[in-house]
Amino acid sequence: MVALDFASIISQTLFATSILIVAALGLAIIFGMMGVINLAHGALITAGAYVAYAVTNAGLSLWVAFLVAPIVVALIGLVMERTVINRLYDRPVDTLLATWGFALVIQELIKVIFGTSSQSVPNPYSTPVQVLGSNLPQYRIFLVGLAVALLVVTYVTFKYTDFGIKSRAVIQNDEMAGMLGTNVRFVYMVTFMIGAGLAGLAGAAVSPIVGADPRTGLGYLVQSFFVVIVGGTGQLLAGTLGGSGLIGGSAAALSFVSSQTLAQTVVFALAIVVIRLKPEGLFGGQ
Amino acid sequence: MDEVNNNGGINGRDVEVIVEDTQTDPRTVTEKTQKVIRQDNVDVVAGTFSSASRNAAAPVVTQEDTVLLYPTFYEGQDQENFPGTCNDLLFMFGIVPSQQAAPWMDYMTSEHGSNFYMVGSDYVWPRFTNQRVKSSLEDLGGTVVGEEYIPLGTSDFGSVLSRISNSDADIVFGTLTGTDTIAFAKQFYSRGLNEEFTYWTVDDEEFATQGKGPQAAHGTYVSFDYFHTIDTDLNNQFVEKVQSEYGDDAGMDTVGAAMYNAGHMFAKAANETGSVNTDDIISGLEGLTHTGPQGEVTMREQDHQMVLPSYLTRVPESWSDTNDFQGMFEIIDHQEAVAPATANCDFPLGKGN
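Quick mapping for you: the protein sequence lines, in order, are chains F and G. Numbers given in our numbering equal positions in the first sequence, counted from 1, plus 869. Numbers given in our numbering equal positions in the second sequence, counted from 1, plus 2.
Simulated from the structure, these hints should not be mistaken for lab results. One thing to keep in mind: the hints can contain errors.
[Said to hold, decoys possible] Not everything, but these chain G residues come out facing chain F in the computed CB check (under 7 Å):
| no. | residue |
| --- | --- |
| 1 | Asn196 |
| 2 | Phe209 |
| 3 | Gln245 |
| 4 | Gly249 |
| 5 | Pro318 |
[To be verified] Just so you have them, the derived chain G footprint on chain F, three or more residues with Cβ under 8 Å:
| no. | stretch |
| --- | --- |
| 6 | 905–915 |
| 7 | 1116–1126 |
None of the values given here were measured: they were computed from a predicted structure. Even glycine gets a Cβ: it sits at the ideal position worked out from N, Cα and C.
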């Protein structure tokens, strides 16, 4: 038996980090930037996974789902934002209850439409590849690329594009931004939709590895909140990267030397220590 | 129950079914059990899916002196868990590890090798099942080369799979449950481990295997008392009835079959004793033999545990449509009337009241 297989540790750490980046990015926008405590984030991921199931079950490729899932879930986000969330931007704590309500509705609707049992989404890259002597799953390698791409695109969008600058202005001071001629309602709405759409994309992206189940998103919900809080709210690039590395990556690395249960416990304890010492998160407050 | 009613009901009276959703939440189980007994005045309670739910319902049925029929495959009984087990009021229709895994140890070890890597969810059923498997493995001269328990709700199995990959296991023995067993199988497959190892699971009945999909499920061994695909007249009729009621792509699994047996055996017991009083139901069910969809089954008098057939199956490469329950499993072999290990109870069973 090999005591420590470094290639495996490095690849698994990378895989776990990348999947959390994909899962948490939508929340980093809706919660991290906008301040909406979005407890429906998990349900939106689940919805994305079911879109992937519906698309692949209809005989289309998973790549179609990568396109359709963010659109469908962004539209769910549109409904949430227009009906309820837009009334609660100055009452962040109330968003907690409202979004949890949406989470339950979405989850139960999924059960009504698709049934309560798990559904399978086929893996487009199902065969492993040999890298440095160990068998690595191709799809996970693809996910690393996807995580990097999403992170960069989102960061550039919010940092440099016209819409991104308006969006950050509105979130910082919507009254002033409004007076300067920005359509505040529209910017809020689109920002929320982008966050929701990213959650939908995350659902489609994880579905080939975990399947589609009414509870698929729940595990990612908790982890995503940890990522955003530990990484630092409002820190889209560094926060999401750092948070995902700490929560997902270190758990994966630790689980090579201890049991999975212990690894998770240690990581969450570590997260609490970080928040105690740096309440604004690893990269917050700059 | 429609079948029972069409055959004249119980003692000439129709059976009425009251359905409540417990959401597998112990607190809801307690409330709903109280409700159906006190408010709806039911004569018997059937259901609760998990062991935790059963343990939550047990004090209520004990207090109300009502029989509970439990349908799920589970870890078996122990006096420690009274009143949730070893209770005169509880009847267990599901299969236990000594029937599910033990009968096939000989076959699996001689066909595929005797080094086992055990992966299970971190709770009582996997741990107990593995204890049983370990002791029969040792009798056969096999070795456990790895044993791991994963917290429920884990979606990433990277490190476990690396350890399996580096081990000299022949058989990976799975007792993961829920969504975890699906994620595990998918990741096991995408790392190509299915080529190197034989995967044998005692959890993945029809619906979990459907969730894994053909790609990831091919070649996996599964053992239970019942499979949708069992080719007996009774099962063919049973499946046909289910499909005419719920659509052509409806499937049946071990828990559904156990519930079906529970309904029929309760009706039989009540008809034979001519009453639905709790004590009469108990004496009627004890020792009762019935022909279910899986073959002949008997409710053992001593510990209220079912004597059942045991089937070993494999998911064939020909299975390609996830909704095809008929082609999902290929039966390798089966044994009739496999007696469970005697429950670890104080006999005779007490009601605790």
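Does Asn196 (chain G) meet its interface restraint, that is, does its C-beta lie within less than 7 Å of any C-beta in chain F? violated (10 Å)
Taking 8 Å as the C-beta cutoff, is the stated coverage of the stretch 905–915 of chain F by chain G satisfied by three or more residues? Three-residue rule not met by the stretch 905–915 of chain F, so violated; n is 0.
Minimum Cβ distance from Phe209 (chain G) to chain F below 7 Å? OK, holds: Phe209 (chain G) within 7 Å of chain F, min 4 Å.
Gln245 (chain G) was flagged as interface toward chain F. Is the shortest Cβ-Cβ separation under 7 Å? violated (15 Å)
With chain F as the partner, please determine if Gly249 (chain G) meets the hint condition of a C-beta pair closer than 7 Å. Since the shortest Cβ distance to chain F is 11 Å, the answer is violated.
Coverage assertion for the stretch 1116–1126 of chain F with respect to chain G, Cβ distance below 8 Å, three residues required: It holds: at least three residues are needed, and the stretch 1116–1126 of chain F offers 4 whose Cβ sits within less than 8 Å of chain G.
Restraint check, 7 Å cut-off on beta carbons, for Pro318 (chain G) near chain F: violated (17 Å)
Consistency with the previously given hints fails for numbers 1, 3, 4, 5, 6, ordered from lowest to highest.
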